[in-house]
Amino acid sequence: MTATAIELVIESTNYTRPRDRARELWAFREVVLAFAERNIRVKYKQAVLGVLWAVLQPLIFLGIFMVVFGRMGNISGGATSYPAFALAALVPWFFVQTAVTFGAQALLMDSALLRKVYFPREAPVIGAVLSAGLDFAVGFVLLLVLEPLLGGHLSWNLLMAVPLWLVLAVLTTGVSLILGALNVYYRDFRFVLPVVLQLWMFGSPVAYPLSAVHAEWRGAYVLLNPAAGVLDGFRRALAEGRLPDLGLLGLSTAVSCLVAWFGYWLFKRMEPGFADVV
Amino acid sequence: MSWAIRFEGVSKKYPGAGWGYPSLRGDLSRLGRSVAARFMRRKGDPGGPFALRDVSFDVKEGEAFAIVGPNGAGKTTALKLLTRISFPTRGRIRVRGRIGALIEVGSGIHPELTGRENIWLYGRIMGMSRQEISRRFDEIVDFAELGDVLDRTVKRYSSGMQLRLGFSIASHLDPDIFVVDEALAVGDAGFQAKCVERMMRLVAEGRTLLFVSHNLTAVEAICRRGIFLLDGQIERDGAIREVLQSYVDWIDARQQERWSSPGAPRGRGLAVERVSFHDASGAECAAFRTGDTIEIRIAVRPSRPIVQPAFAFGITDGRPGSLIICSMAVDGQVPPVIDRPTVVSCRIHDLPLLPRVYQTWCSVIGNHAYGDLLDWQIVGTFRVMEGPLGAGAPAPLSALRTSGVIHVAHAWDVATTGDPDVVAAAEGYSP
Numbered sequence: 000m001t002a003t004a005i006e007l008v009i010e011s012t013n014y015t016r017p018r019d020r021a022r023e024l025w026a027f028r029e030v031v032l033a034f035a036e037r038n039i040r041v042k043y044k045q046a047v048l049g050v051l052w053a054v055l056q057p058l059i060f061l062g063i064f065m066v067v068f069g070r071m072g073n074i075s076g077g078a079t080s081y082p083a084f085a086l087a088a089l090v091p092w093f094f095v096q097t098a099v100t101f102g103a104q105a106l107l108m109d110s111a112l113l114r115k116v117y118f119p120r121e122a123p124v125i126g127a128v129l130s131a132g133l134d135f136a137v138g139f140v141l142l143l144v145l146e147p148l149l150g151g152h153l154s155w156n157l158l159m160a161v162p163l164w165l166v167l168a169v170l171t172t173g174v175s176l177i178l179g180a181l182n183v184y185y186r187d188f189r190f191v192l193p194v195v196l197q198l199w200m201f202g203s204p205v206a207y208p209l210s211a212v213h214a215e216w217r218g219a220y221v222l223l224n225p226a227a228g229v230l231d232g233f234r235r236a237l238a239e240g241r242l243p244d245l246g247l248l249g250l251s252t253a254v255s256c257l258v259a260w261f262g263y264w265l266f267k268r269m270e271p272g273f274a275d276v277v
Numbered sequence: 000m001s002w003a004i005r006f007e008g009v010s011k012k013y014p015g016a017g018w019g020y021p022s023l024r025g026d027l028s029r030l031g032r033s034v035a036a037r038f039m040r041r042k043g044d045p046g047g048p049f050a051l052r053d054v055s056f057d058v059k060e061g062e063a064f065a066i067v068g069p070n071g072a073g074k075t076t077a078l079k080l081l082t083r084i085s086f087p088t089r090g091r092i093r094v095r096g097r098i099g100a101l102i103e104v105g106s107g108i109h110p111e112l113t114g115r116e117n118i119w120l121y122g123r124i125m126g127m128s129r130q131e132i133s134r135r136f137d138e139i140v141d142f143a144e145l146g147d148v149l150d151r152t153v154k155r156y157s158s159g160m161q162l163r164l165g166f167s168i169a170s171h172l173d174p175d176i177f178v179v180d181e182a183l184a185v186g187d188a189g190f191q192a193k194c195v196e197r198m199m200r201l202v203a204e205g206r207t208l209l210f211v212s213h214n215l216t217a218v219e220a221i222c223r224r225g226i227f228l229l230d231g232q233i234e235r236d237g238a239i240r241e242v243l244q245s246y247v248d249w250i251d252a253r254q255q256e257r258w259s260s261p262g263a264p265r266g267r268g269l270a271v272e273r274v275s276f277h278d279a280s281g282a283e284c285a286a287f288r289t290g291d292t293i294e295i296r297i298a299v300r301p302s303r304p305i306v307q308p309a310f311a312f313g314i315t316d317g318r319p320g321s322l323i324i325c326s327m328a329v330d331g332q333v334p335p336v337i338d339r340p341t342v343v344s345c346r347i348h349d350l351p352l353l354p355r356v357y358q359t360w361c362s363v364i365g366n367h368a369y370g371d372l373l374d375w376q377i378v379g380t381f382r383v384m385e386g387p388l389g390a391g392a393p394a395p396l397s398a399l400r401t402s403g404v405i406h407v408a409h410a411w412d413v414a415t416t417g418d419p420d421v422v423a424a425a426e427g428y429s430p
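Just so you know, the sequences run in chain order A and B. Numbered per numbering that gives the first Met the number 0, the first sequence spans residues 0 to 277. Numbered per numbering that gives the first Met the number 0, the second sequence spans residues 0 to 430.
Simulated from the structure, these hints should not be mistaken for laboratory data. Do not rely on the hints blindly, as some may be mistaken.
Claimed, not checked - Taking lysine-lysine pairs in the BS3-like style, the calculated list, with each CA pair at most 27 Å apart, reads:
1) B:193 / B:59
2) B:154 / A:42
3) A:267 / B:12
4) B:193 / B:154
5) A:44 / B:154
Just chain B, with the same shape it has in the complex (with noise of 0.2 Å):
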């Protein structure tokens, strides 16, 4: 298979310090020198940091193919060279196709303008045909479940409206590769969920797919390739499974970092100092297996004595909404006063999750009406490996992923209840 897209050695250095809004009084002695350099295309070096660095890799022709990478990585910048809006300072990228982008979708709808007006204008600005856009119009509402405020000013629409528009006209672009950053961010659940579906129909018709995000789960349903961006180079380039794994490592060293240092979740009252993941005999672990024993450990530090302080332990594939749920207030273990730094531990047994990443939110309640002690947030990030499952070899990740997340004992069989003549002649069969 043939490449779509080929970075060669690209860098980006953006105009640094100083030159950002560039006043023409602080320029004006420089005017002369920057302009005519500007004129003689001579590259100088802008100064700053590189926002890329050296940066190679293919998309293959019809590939899913994800980048991820922590904020200020350079994701962004890769994506806004391939798509043209900047340009890099050295190196050069090939791209063979129409290229359609998504990257932080919403911005072009004009406030003033009715929902209609806007798909027709931003729909032609994004680069679709007047007979594209009647064709699909219909479509595009339906997508972006507008219906009957079709005709009101984007101004008096919700924020999600505005967003799920924008996200509806850039997806019915007709590109051959696709290119799409935290556009799941957009929505309610139903309307992410649609997205992804959208996203793999295209991938399913063909279509090359660069896909950014920090929603590593979807990362992984989604693509099957995919690099690993630390500070504007290639930290990882190769399988999805294996530019997830490295990430999630950077990210676990990170985490336990960040949990030591100040600047952890702090609650009302209480500051949580750590949270860590723990393996069956107790030594600290960030990578499990079905069917292991899980313990997720939270430190706290009450200023002042907490009563009855509700902890509850949620398990979440990115996805909204909790696959588990461990809850004191449920079980009826609160606990009666801490007063004092407190180690709160809550094992699990028998890890019922299929490999993948999956995050850890935790809330804390007191008993009294001042609100939430801690609000419900991520603190912690964990994954399941692959491993034994069963007497069978371990499934392949692309048959999992398709699949639910949740490991439930099951038992197939196959049974006979007709004649064999009914079936004449099965598809390559032949007894």
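Bound conformation, chain A alone (with noise of 0.2 Å):
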């Protein structure tokens, strides 16, 4: 044992600056990974279909979006034929819709641990972002499959999957971090998170184009829903084999970091009444 150890000093607030605690969370990747493998494990051990959800769930929003927007709405594809369209788009929200479920929950879930064992709090919330992303790459490989059989176009520009879902990842674990921290303290958001983000999705380019937003406010829209720009980038890359608009790309971009900031913020500031509260 050595007699220089470290010295950790406990007190009434966990501040740190905000570089220890960057480091703090890479000492602790580890964690957030067995977090993400064990969120994985459960979930498709408890499921009877598996994997197979995550195929699943956006089909059966294909189907119904179809219905109901495609012949009914009357929402055009454009370029494409609309299952087409509407699908590049679905899977990818239903990667943010996983990952909020989950990681606003996360705390709450791992409450036992949380009471018991010290980690960064925002690790068992980040896994759970993560763990999410195990169902989107099944979905993609679902979109590569579907995409051409309905008509969509598929190019290099596919591989805009990548910095796309970093960005929709970076917004989500902010979000997830926000609502979860709010989630401890006030359980009444278990029972709004449902509906916030079902307003969401429709507030969200996925039953329709973009277009459908006057081009004026398009940018005062992806400001307002960073996820728009991803959205509507998957849907290029993915159903028209097109570039996605740099432009709202960027400010998705942008406004989700910010948002992610905003939300580690808020969470470290709430964090050290978690474990009394939990």
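Mind docking these for me? Both chains are given alone in their own frames, and the hints should help you get the complex.
Right under this line is the structure:
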């Protein structure tokens, strides 16, 4: 044992410099990955259909959308068929939904651990978002298979899915941190969450094209809903074979980073009381 | 020796009533204020009682240190602050070295996963690296005594197995400072002995141990120093024997109160009014010396005439199993009937117990097949203090605590049986 071990000082606030926080999170990366791995294992062990759910969910919604919006709402897929158009945004949307649902609940799900073991409290939240990444990967394969069959155009632009996913991951982490922290103090958020997610979906260009928003307002729209720019990017890249609108994507990225930064800040502010309240 | 853990004027208040599970509706009016206060790091008074109040103590490097005290005294709170689960309201804690905690082990084990998966995942969440886990995997499995059920989902495990798994993972962490909270309540007797052994080995290796337990015997056996916490404050800080002494004094005082108030152990058809210990002169007493006479008295009030109630007393040192059993049934001295308040006493001459804290257990069995009139349970605590054990000076506690607890008359003899030239140069010996 070394006598000169690093001294740790525990005080009434957990304030540490951002750089030290980042270093600590990095030191705990193995814990984050363990949470992600555990979520995946548990999730697919409990469900009979397992990974198939990651495929079924967007497909079921695609069916509903085709009937409600494609037929009755008469929304067209633009350059492609409506199914190809809708699916390309549904798959990334389900990533958002899964990531936020599990991310916001992560602290409550692991309350037993929270009360016994130390780790930076964002670890289970980030782990939950990462584990939703597997669902997305499965959905992505589904897209690659179905898009050509549904009339979509695939090109090398599909590689844009990686940076696009990263932006979504940053955004959903931020949202999960905010909702997750509030969820600990106010259990009501559990009931609010599904409603918020529904509203968010209908407020995003999933069922309808981004062009439904007037060109002048698109910037403001993306500013309010950073997911919009990314979802549109996915649609362009995976259904139309085009590059995303880089201006809107840039804006989305900036706002997502801002949301993530705010979420992290809020989370860390509220963190000291988590174990007392949860 | 420098300190490994230092509490400096630490106080902790938990959010008080109405704060535990705030609802949005109830809090909406306060939401702005409360969230703002949290942002501003304003240390508003959360109200409610102190779980810890101005607690300061040092734990030296490589020391085995105990925190004892009744339930709700703040022992677990102190550990939670130390392990950064919770944060102090005031004061600060300084820690040198990596901390590994065993606080209510087993809670992180996931029931849907197999034992193997849990070791890998839980181990990493507890802070072990993959290399450490793969290096110690077999050790963990052996220690938990899992073997053939390793690949079964944990929900199919018995609760004892689940706890053992949790303890095993946590105890194979490699911390400089080991924090143990009531882990000894885990598993069967054999496993408990293994846990104590493991802790003693860690202490022998020079790890710092902070041990919280109600098992005073284990505390006395393992720890050198400690504090007695009462209502969030340090009642006593010092050598473990003094600390235990003042704690046991407090327990004794409380016990007296409890026996004289309702809520004492109730048997079926038999109420226990009071249990007391007396010395040879019959005076009530809670501390004895080896070789003394001790009389255990139990005052009972039958609610109906009880035919042939067989009383039995047992004395334990906290570990499972009795050291001494005095049973009317075995001795063939069962009274024919008791139908009114009665005091049953059992006198033990030449108490053969060495200095420690002992528990007294009692049961009463009737002659009808109605089951026990009083279940086998702890009815009192007494302790044996140091006293002259012979002509020589009393042995230090440190020498006694590694030995057994029963004192028997014995004699030593050292006789030479060989030639002196066999041993050429004994260690440090020059004729």
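Which of the numbered hints above does this structure break? none
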